[in-house]
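> Spelled out, the chains give:
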Amino acid sequence: MTLPLIVRRSLRQHLLSTIVTVLSIGLAGGLLISIWVVKDQAQATFTQVNIGFDAVLGARGSKLQLVLNSIFHLEASPGNVSQADYQYIKHHPAVKLAIPIAVGDNLRGYRVVGTIPELFTEVEYKPGTKFALEPGGRLFDPAAKEAVVGNFAASRLGLKVGDTFHPFHGLAYNPKEQHADIYTVTGILAPSNTPADKVVWIPIHGLQTMSGHDPNAATDVSAVLIQLRAPAAGFRLDMMYNKQGNRLTFAYPIGAIVADLFSKISWFSQVLALVAYLVAVVSAAGVLVAIYNSMAARRRDIAILRSLGARRRTVFSAIVLEAAAIGLLGMITAFGFYLVIMNGVAAVIRAQTGVLLTPWARDPVMLWAPAAMVALCALGGIVPALVAYRTEIASNLAPTS
Amino acid sequence: MAFLSVESLQKSFVSPDGERRTIVDVRDFHLQAGQQLALRGESGSGKTTFLHLIAGILAADRGSIRLGEDDMAKLKEASRDRLRALTIGYIFQTFNLLQGYTCLENVLLAMSFGPGADTAHATSVLKRVGLGHRLHHYPRQLSTGQQQRVAVARAMANRPKLVLADEPTGNLDRKNAADSLGLIRETCVENGSALLLVTHDGGVLASFEEAQDFAQLNRASREAAS
Chain A
1 MTLPLIVRRS
11 LRQHLLSTIV
21 TVLSIGLAGG
31 LLISIWVVKD
41 QAQATFTQVN
51 IGFDAVLGAR
61 GSKLQLVLNS
71 IFHLEASPGN
81 VSQADYQYIK
91 HHPAVKLAIP
101 IAVGDNLRGY
111 RVVGTIPELF
121 TEVEYKPGTK
131 FALEPGGRLF
141 DPAAKEAVVG
151 NFAASRLGLK
161 VGDTFHPFHG
171 LAYNPKEQHA
181 DIYTVTGILA
191 PSNTPADKVV
201 WIPIHGLQTM
211 SGHDPNAATD
221 VSAVLIQLRA
231 PAAGFRLDMM
241 YNKQGNRLTF
251 AYPIGAIVAD
261 LFSKISWFSQ
271 VLALVAYLVA
281 VVSAAGVLVA
291 IYNSMAARRR
301 DIAILRSLGA
311 RRRTVFSAIV
321 LEAAAIGLLG
331 MITAFGFYLV
341 IMNGVAAVIR
351 AQTGVLLTPW
361 ARDPVMLWAP
371 AAMVALCALG
381 GIVPALVAYR
391 TEIASNLAPT
401 S
Chain B
1 MAFLSVESLQ
11 KSFVSPDGER
21 RTIVDVRDFH
31 LQAGQQLALR
41 GESGSGKTTF
51 LHLIAGILAA
61 DRGSIRLGED
71 DMAKLKEASR
81 DRLRALTIGY
91 IFQTFNLLQG
101 YTCLENVLLA
111 MSFGPGADTA
121 HATSVLKRVG
131 LGHRLHHYPR
141 QLSTGQQQRV
151 AVARAMANRP
161 KLVLADEPTG
171 NLDRKNAADS
181 LGLIRETCVE
191 NGSALLLVTH
201 DGGVLASFEE
211 AQDFAQLNRA
221 SREAAS
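In the order they appear, the protein sequences are chains A and B. When we follow my numbering, the leftmost residue of the first sequence carries the number 1, and every step to the right adds one. When we follow my numbering, the leftmost residue of the second sequence carries the number 1, and every step to the right adds one.
What the hints contain is simulated information worked out from the structure, not anything from laboratory work. Check each hint, because a few of them may be wrong.
Straight-line distance between alpha carbons at most 25 angstroms, and here's what the computed DMTMM-like set of lysine to aspartate or glutamate pairs gives [to be verified]: (1) K74/B with E392/A; (2) K161/B with D173/B; (3) K96/A with D141/A; (4) K161/B with D70/B; (5) K76/B with E392/A; (6) K126/A with D220/A.
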């Protein structure tokens with residue numbers, strides 16, 4: 001009981017410094033864990049997002065841009081795919097399902113995307129799960145000016161079944177670019193935690209023929225989302241479109257293209273991790289400095305403990321343990337900071353991509369970061385502990401007579 | 001049979017001017033088990049150093065300090081710490097209570113370095129010195145006289161064979177000094193502890209049946225005086 005009691009009392013006696021150092025460790029640890037979890041989860045989640053498709057066919061250009069535009073609803077469309085090309089791939093024997101999409105409009109910043117009802121009735125966006133509508137809604141009629149709104153977009157735009165809206169031209173919101181057409185909301189999608197949540201879905205025919213759109217391109221689509229009958233077909237189509245053709249781009253497999261993006265920006269997460277490491281080291285050094293600076297005031301207490309029979313190694317251990325305890329309390333606090341940071345980051349990522357990260361999911365960093373931080377703090381505690389070890393009793397037990 | 005036997009004990013320090021000065025040089029000093037003895041000594045006579053040597057807080061240059069079977073002067077530091085915790089109770093002029101700990105914790109902590117913390121015993125010792133109602137008070141919440149009684153309880157908690165008291169009444173008023181001295185002497189008798197008390201206070205010295213002049217005992221101070 002002796003060492004824990006000494007540590008507890010010492011933490012309380014230097015309460016302000018304890019709180020400040022615990023908070024600084026907490027912030028550093030929270031930052032470290034957040035960076036790690038965001039990195040791990042973003043990579044794991046985004047490379048799995050394909051909303052049930054194997055490949056995307058689009059205009060000639062970058063595969064990554066095509067995937068970002070058609071699956072994640074980010075970036076601009078690289079161009080159009082003609083009706084003939086759409087019909088060709090749709091009836092290709094290797095293709096199980098082909099869903100066309102058309103982009104180019106928005107509703108107050110949320111993309112208005114044209115598609116066909118089969119996206120909601122045929123596609124399992126994750127194995128075994130199809131898109132569902134909130135109770136009271138129905139799918140749009142492909143021939144009517146109706147809309148099904150993604151859950152996140154609906155809550156942000158304040159849309160409910162029966163509401164009407166004018167789409168705006170372009171991918172970015174500009175109040176001057178309002179279309180004359182009026183759409184009625186017929187359904188709200190149940191949350192899917194996919195990019196589909198932040199999209200306002202309308203019939204593809206409606207988007208193609210929106211007032212002000214080029215009538216010459218009215219039968220074109222922006223991209224075709226494709227399910228294959230067998231994976232091997234993907235490589236054959238890749239060969240056909242990308243190597244032998246020069247008009248279209250066939251993005252396959254979707255996950256590998258997103259993973260390629262992550263590997264391209266891996267230097268960035270390495271920089272972030274380095275910053276987090278440095279912050280952790282600096283805050284552990286803060287523990288060292290805080291305890292070290294209080295050593296002058298502690299000398300008398302140490303001398304008293306020694307006069308009562310405490311050994312040098314006992315007072316040494318007490319200081320190392322105190323530093324480790326600060327590290328431990330700090331890392332407990334770190335989980336609080338982590339949840340705050342992570343919920344903020346998750347909200348931003350959700351708003352931008354519709355993809356939901358899960359702050360409560362376990363990650364190895366949640367074990368190794370606290371262990372490493374406690375060890376680092378204990379290591380820092382060795383410096384003041386050596387001062388404690390060297391404290392002489394007689395000269396610090398004033399006065400003498 | 002003497003419990004404490006000091007023979008040919010010497011301790012010197014290097015003074016700031018670089019000269020080595022002998023502070024303690026005691027040929028022969030004995031204290032019987034349970035005996036109570038007062039040592040008279042002026043400030044700077046080396047009597048605190050003498051008590052520190054007996055308690056093993058300082059290492060002796062040469063000589064022997066026999067405490068029962070053990071020789072404090074021959075032991076390594078960690079063993080001296082252990083022997084001090086088990087056999088010696090030390091009462092300081094400035095009490096040296098740990099300010100961040102309650103009365104009870106101050107006593108328990110001293111016990112934990114010796115035979116082991118025992119809350120029931122610590123409580124009974126504090127009751128014995130009249131502080132049963134102040135167990136969970138901090139030293140700053142107590143009067144000076146009460147603080148000295150906590151220090152007495154802490155020194156007695158391990159039932160030490162020897163109690164060393166260094167000007168224990170130096171910071172107390174006359175009434176508290178008399179009470180405190182009486183308490184120290186009574187509890188030593190109850191525990192069977194020998195008591196070695198050093199003071200320059202004539203009143204305290206007069207209350208002891210046996211008193212010695214530390215200047216006579218310590219050849220270093222005799223030489224310094226001559």
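> Tell me if the straight-line CA distance from K161/B to D70/B falls inside 25 angstroms.
Holds - the C-alpha atoms of D70/B and K161/B are around 12 angstroms apart, at most 25 angstroms.
> Given the hinted pair K96/A and D141/A, is their Cα-Cα distance within 25 angstroms?
holds (23 angstroms)
> Taken at face value, is the distance from the CA of D173/B to the CA of K161/B at most 25 angstroms?
With a Cα-Cα distance of about 29 angstroms, the restraint between K161/B and D173/B is violated, given a limit of 25 angstroms.
> Next pair to validate is K74/B with E392/A; report whether the Cα-Cα distance is within 25 angstroms.
holds (19 angstroms)
> Do the alpha carbons of K76/B and E392/A lie within 25 angstroms of each other, as the hint requires?
holds (15 angstroms)
> Going straight from one Cα to the other, do K126/A and D220/A come out at no more than 25 angstroms?
It is violated: about 28 angstroms lies between the C-alpha atoms, which goes past 25 angstroms.
Consistency note: the structure conflicts with the earlier hints numbered 2 and 6.
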